[in-house]
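**Q** So you can see what is in the structure, the chains are spelled out below.
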Amino acid sequence: MLRLAKNLYLHRELMSVLAWKNIALRYKQAYLGIAWAVIKPLTLMLIFTLVKSFVGIDSGNIPYPILTFAALMPWTFFQESASDGVNSVVGNTSLIKKIYFPREIFPLTAVITKLVELGINFVILAGLMIWYQMLPSVYVLWVPLIILYTVLAALTIAFVGAALNVYYRDVGAALPVVLSLLMYASPVIYPLQLVKDKLLVHQAAGEWSNLLYTLYTLNPLAGIIDAFQSVVLRNEPPDFAAMVPGAILIAVLLPLSYAFFKRAESFFADVI
Amino acid sequence: MSIIEVEHLTKEYRLGAMQGLKQKLLHTAARLRGKKTEQRPLFKALDDVSFSIEQGEVVGIIGHNGAGKSTLLKMLARISTPTRGTAKVNGRIAPLIEVGAGFVPDFTGRENVYLNGAILGMSRQDIDKKFDEIVAFAEMEEFIDTPVKRYSSGMQVKLAFAVATSIESEILIIDEVLAVGDLAFQRKCFDRMDDVIRRQGKTVLLVSHNIRQVERMCTRVMMLSHGSILQDGDPHATCDRFYQVSNQTISHQKAKDRSTRVISSGEVQDIEVAVLDAQGSEADSLTEGSALRIRIRFTLNQPLTNPEFHIGTHTTDFVYLTGESTAVLGQSHEFSVGSHEIEQLIPVYPMVPGTYGIRFAVIDQRGRVVFHGESLRFFTVTAKTMDAPLQDELRLVSVPIEWKLQGKHYFKQDKSN
Numbered sequence: 001m002l003r004l005a006k007n008l009y010l011h012r013e014l015m016s017v018l019a020w021k022n023i024a025l026r027y028k029q030a031y032l033g034i035a036w037a038v039i040k041p042l043t044l045m046l047i048f049t050l051v052k053s054f055v056g057i058d059s060g061n062i063p064y065p066i067l068t069f070a071a072l073m074p075w076t077f078f079q080e081s082a083s084d085g086v087n088s089v090v091g092n093t094s095l096i097k098k099i100y101f102p103r104e105i106f107p108l109t110a111v112i113t114k115l116v117e118l119g120i121n122f123v124i125l126a127g128l129m130i131w132y133q134m135l136p137s138v139y140v141l142w143v144p145l146i147i148l149y150t151v152l153a154a155l156t157i158a159f160v161g162a163a164l165n166v167y168y169r170d171v172g173a174a175l176p177v178v179l180s181l182l183m184y185a186s187p188v189i190y191p192l193q194l195v196k197d198k199l200l201v202h203q204a205a206g207e208w209s210n211l212l213y214t215l216y217t218l219n220p221l222a223g224i225i226d227a228f229q230s231v232v233l234r235n236e237p238p239d240f241a242a243m244v245p246g247a248i249l250i251a252v253l254l255p256l257s258y259a260f261f262k263r264a265e266s267f268f269a270d271v272i
Numbered sequence: 273m274s275i276i277e278v279e280h281l282t283k284e285y286r287l288g289a290m291q292g293l294k295q296k297l298l299h300t301a302a303r304l305r306g307k308k309t310e311q312r313p314l315f316k317a318l319d320d321v322s323f324s325i326e327q328g329e330v331v332g333i334i335g336h337n338g339a340g341k342s343t344l345l346k347m348l349a350r351i352s353t354p355t356r357g358t359a360k361v362n363g364r365i366a367p368l369i370e371v372g373a374g375f376v377p378d379f380t381g382r383e384n385v386y387l388n389g390a391i392l393g394m395s396r397q398d399i400d401k402k403f404d405e406i407v408a409f410a411e412m413e414e415f416i417d418t419p420v421k422r423y424s425s426g427m428q429v430k431l432a433f434a435v436a437t438s439i440e441s442e443i444l445i446i447d448e449v450l451a452v453g454d455l456a457f458q459r460k461c462f463d464r465m466d467d468v469i470r471r472q473g474k475t476v477l478l479v480s481h482n483i484r485q486v487e488r489m490c491t492r493v494m495m496l497s498h499g500s501i502l503q504d505g506d507p508h509a510t511c512d513r514f515y516q517v518s519n520q521t522i523s524h525q526k527a528k529d530r531s532t533r534v535i536s537s538g539e540v541q542d543i544e545v546a547v548l549d550a551q552g553s554e555a556d557s558l559t560e561g562s563a564l565r566i567r568i569r570f571t572l573n574q575p576l577t578n579p580e581f582h583i584g585t586h587t588t589d590f591v592y593l594t595g596e597s598t599a600v601l602g603q604s605h606e607f608s609v610g611s612h613e614i615e616q617l618i619p620v621y622p623m624v625p626g627t628y629g630i631r632f633a634v635i636d637q638r639g640r641v642v643f644h645g646e647s648l649r650f651f652t653v654t655a656k657t658m659d660a661p662l663q664d665e666l667r668l669v670s671v672p673i674e675w676k677l678q679g680k681h682y683f684k685q686d687k688s689n
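Residue numbers (the numbering used here), protein chains in the order written: chain S, 1 to 272; chain V, 273 to 689.
Calculated from the structure, these hints are not laboratory results.
Fair warning: there could be bad hints in the mix.
[Stated by the list, open to error] Pairs of lysine-lysine residues, derived as DSS-like cross-links and limited to a Cα-Cα distance of at most 30 Å, are as follows:
id, chain 1, residue 1, chain 2, residue 2
1, V, K296, S, K97
2, S, K6, V, K296
3, V, K401, S, K262
4, V, K421, V, K402
5, S, K262, V, K360
6, S, K28, V, K401
7, V, K676, S, K97
8, V, K401, S, K97
9, S, K52, S, K40
10, V, K294, S, K262
11, V, K402, V, K316
12, V, K402, S, K28
13, V, K296, S, K28
14, V, K656, S, K6
15, V, K316, S, K262
16, V, K316, S, K97
[To be verified] Under 10 Å between C-beta atoms, here's a sample of chain S residues computed to sit facing chain V:
id, residue
17, K6
18, Y9
19, H11
20, W208
The beta carbon of each residue, even a glycine, is placed where N, CA and C say it ideally should be.
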C-alpha cells in the first residue's frame, strides 16, 4: 500500500495527463460533449420516478427524484469506475507492450476520469436542491470521505478484475451483468430505510433477519449510498452501523486485490 | 559500476494458444487422478544471456528475426519480466521500443506531444520548455493544431521521433526507429542520434537490421542467435560474422525450400551437383573473385548421341547470370548407359558476395530437352575484405578496375593483401 501511494505521487502528472486524455477523447467528436456525463443518471432518475409512481416507494420526507438522483450519483460513479478500471489494462495494450510505468496507473486513471464526471453531476444535484428548496447542512463535509471510500471500493474490483481480464476476457464480459445485479442489491431505486424497517424493525425473515441485514450491508454500496443521501439531503450524519460490514470487507479485500494485480502485472506484456 | 548488468537472463514463452474451458477441466481432472498431461512446449526466447555495459557505450544488437533482440530490450525496459536471471539497470531509461506508442489519432499534434511526453516520463515544464524545439525538429509548425489522424504516416513518425529523442535520460534504447521518414529527415535523425551519443555521452542500445548503420554508429556490437550471444565486441568483426551467418541461412533455407524447378524426361537420373574448391573437394562457398568449379554426376538409362550440356548460375530470384553450353565446342561425344561426370570451370567468378544457384540442362541432338533443372544447388560467394558488403547493394559484378586520377594510374587493391 505504501508503494501504491509512492507510485501515485511519482506519476501524478502522468495520471492527470492520461485522465485528461480519457475525458477529452470521450467527448472529442461529440456535439453534446461532457453533457453526456450527466445524461445517464438524469435519464435513470426520470425512469425510476416514473416507475415509482406505479409501485409506490416510501421516500420519507425527501422528494423521490432527488433522493434517487443522490443514489445514482455514487452508484454510477462506482459502476463506471469499476468497469472502466477492469477494462483499462486490456484497453491500453499498445502502451503495455511498449513502455513501462507502474501498471496500477491504468485502473487509477480510469477512476480519476470518473471523478471528474462525478464532479459535473454535483452541479446537477445543486440545481435539483435549489429546485426543491433544500439547504445543505454542515454534514456535507462528509462527502469527500464518502467519495474516497467509493473510490477504494471501485479499486478493489478494478485491480483484481483488470489483472484477471488480461488472462481471461470473460471477466470484462461478465462484469456488466454482475454490476447490474449489484444495482438491485443496493439502495438505488429504494432507500436503505425500507430494508432496515423490513428486517430490523419488522423482523420480516424471523430469526434470520439480523444476519440478512448484515449480509445486505456487506455490500459497501449500501452504506455509501445511504450515507451520501443522509449527509446531502437529510442533514444527518452517516449511519455507521450500515457502513461497518462493507468497510471491513473493503479493508480486507483491497490489499489482496492490489497484491494480486502487482503479482500479475509482470506478465501483462507477455500475455495480453 | 556498470550502467547495465545482465546476468543469466532467460526468458521462456509457452507455445500455442490458451486452452478453452473444456480442455482445462479435462487436464485438471487428469492431473488430479495423478496422470501426466501434455504441457504446451516452452520456447526459450533468451537463453542464459550475461553481459554488462559501461556508461557511454553505444551498443548495437543485431541478429536474425526471432533471435531475441526485442525480448532483451523489453527486459531492460522492464516491460516484461525474466523467467530466470536478472537485468539490472542503474539509471533512467528511455525506451523507444516503438516511436509513437500511445499517439491518439483524434488529438492534435500539440496534444499528442504533451501526452506522449508524459507517457515517456517528461514533466509538463520539460515539455513546455522543449515544445518549440520538438515542433521545429519535426518540421510540423503548420500542422501542429491538426488532429494526428489527418497526418501522413511519415509526419506521425517524425513528430514521434522528435518527442522521443528529447527525453532526458542516461540510457536510450532504440529499436528500429531510424528508418523513418524521407532521406532528408533520416539524415536529421542521424545527426540527432550522433549528437545524443557523442556530445551528451549517453549510453545507447541500438537494435537494427540495418547492419551498416549499426557498424557505423556503435562502439560495440552484440550478435544474438536463437536467444544467446554469438559474438560480442568489435563492430566490424561482429557485423562481418553476421553477413556470413545470414548468407548461410539463405542458402540453407533455399535448399530446404525445394524451389528447385525441374523438367525431366526420366532418361537422366541421380543428378548430383557439387561446387569444388581449388583442391577438388566439395565446398559451399568461395571467395569473391576466385574460381568456380561445378561438377555434375548423373546416370543415363538411355544412350545419348552428341548431347548438349548447359551449366549456368542464377540469383536466388532466378536472374540468369552465367550460362555456357557444350554446343559451341563443336565436338561429338557418345554417352552410354551408366554414370557419368562432367565439370565446368569459371576461372574468375565475377559475382559480388551473395547466394547463387546452379542450373543444369541436357538437350539431345534433335533439340529435345531431356533434363532442365534450376536451383539444383546453392553456393555462397563471401567477401574478400570486410568493407566489401557496404558496396554490394550498389553493384552486381566485381571486375578488375583501373583508375586514372590527376594523370596517375591506380589499380583496385584488396585490403587483405
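**Q** So, for every hint listed, does it hold in this structure?
**A** Now for the hints, and whether the structure bears them out:
Among the hinted pairs, K296/V with K97/S is consistent with the structure: their alpha-carbon atoms are about 27 Å apart, no more than 30 Å. Simply put, K6/S and K296/V have alpha-carbon atoms about 39 Å apart, too far for the 30 Å limit, and the pair is violated. Straight-line distance between C-alpha atoms of K401/V and K262/S comes to about 35 Å, which puts the hinted pair past the 30 Å bound. Distance hint between K421/V and K402/V is fulfilled; the C-alpha atoms sit about 23 Å from each other, no more than 30 Å.
At most 30 Å may separate the alpha-carbon atoms for a hinted pair to count; K262/S and K360/V meet this at roughly 19 Å. At roughly 27 Å between alpha-carbon atoms, K28/S and K401/V fall within 30 Å of each other, so this suggested pair holds. Proposed proximity of K676/V and K97/S is contradicted: the alpha carbons are some 57 Å apart, above 30 Å. Distance restraint check for K401/V and K97/S: the Cα-Cα separation of roughly 29 Å lies within the 30 Å cut-off, and the hinted pair is therefore satisfied.
Between K52/S and K40/S, the direct Cα distance comes to roughly 18 Å. Compliance with the 30 Å bound is thereby established for this hinted pair. Restraint check: the Cα-Cα separation between K294/V and K262/S comes to about 29 Å, which is no more than 30 Å; the hinted pair holds. With a CA separation close to 42 Å, the supplied pair K402/V and K316/V exceeds the 30 Å bound. Of the supplied pair hints, the one linking K402/V and K28/S holds, its CA atoms being roughly 26 Å apart against a limit of 30 Å.
At most 30 Å may separate the alpha-carbon atoms for a hinted pair to count; K296/V and K28/S exceed this at roughly 43 Å. In summary, the hint linking K656/V to K6/S is not supported, as the alpha carbons are separated by about 59 Å, beyond the 30 Å threshold. Of the supplied pair hints, the one linking K316/V and K262/S holds, its CA atoms being roughly 24 Å apart against a limit of 30 Å. With a C-alpha separation of about 19 Å, the suggested pairing of K316/V with K97/S holds against the 30 Å cut-off.
Because the closest C-beta pair between K6/S and chain V is about 16 Å apart, greater than 10 Å, the hint is violated. Because the beta carbon of Y9/S sits about 13 Å from the nearest beta carbon in chain V, more than 10 Å, this interface hint is broken. Because the closest C-beta pair between H11/S and chain V is about 9 Å apart, less than 10 Å, the hint holds. With its C-beta approaching chain V no nearer than about 36 Å, W208/S sits outside the 10 Å limit, and its interface hint is violated.
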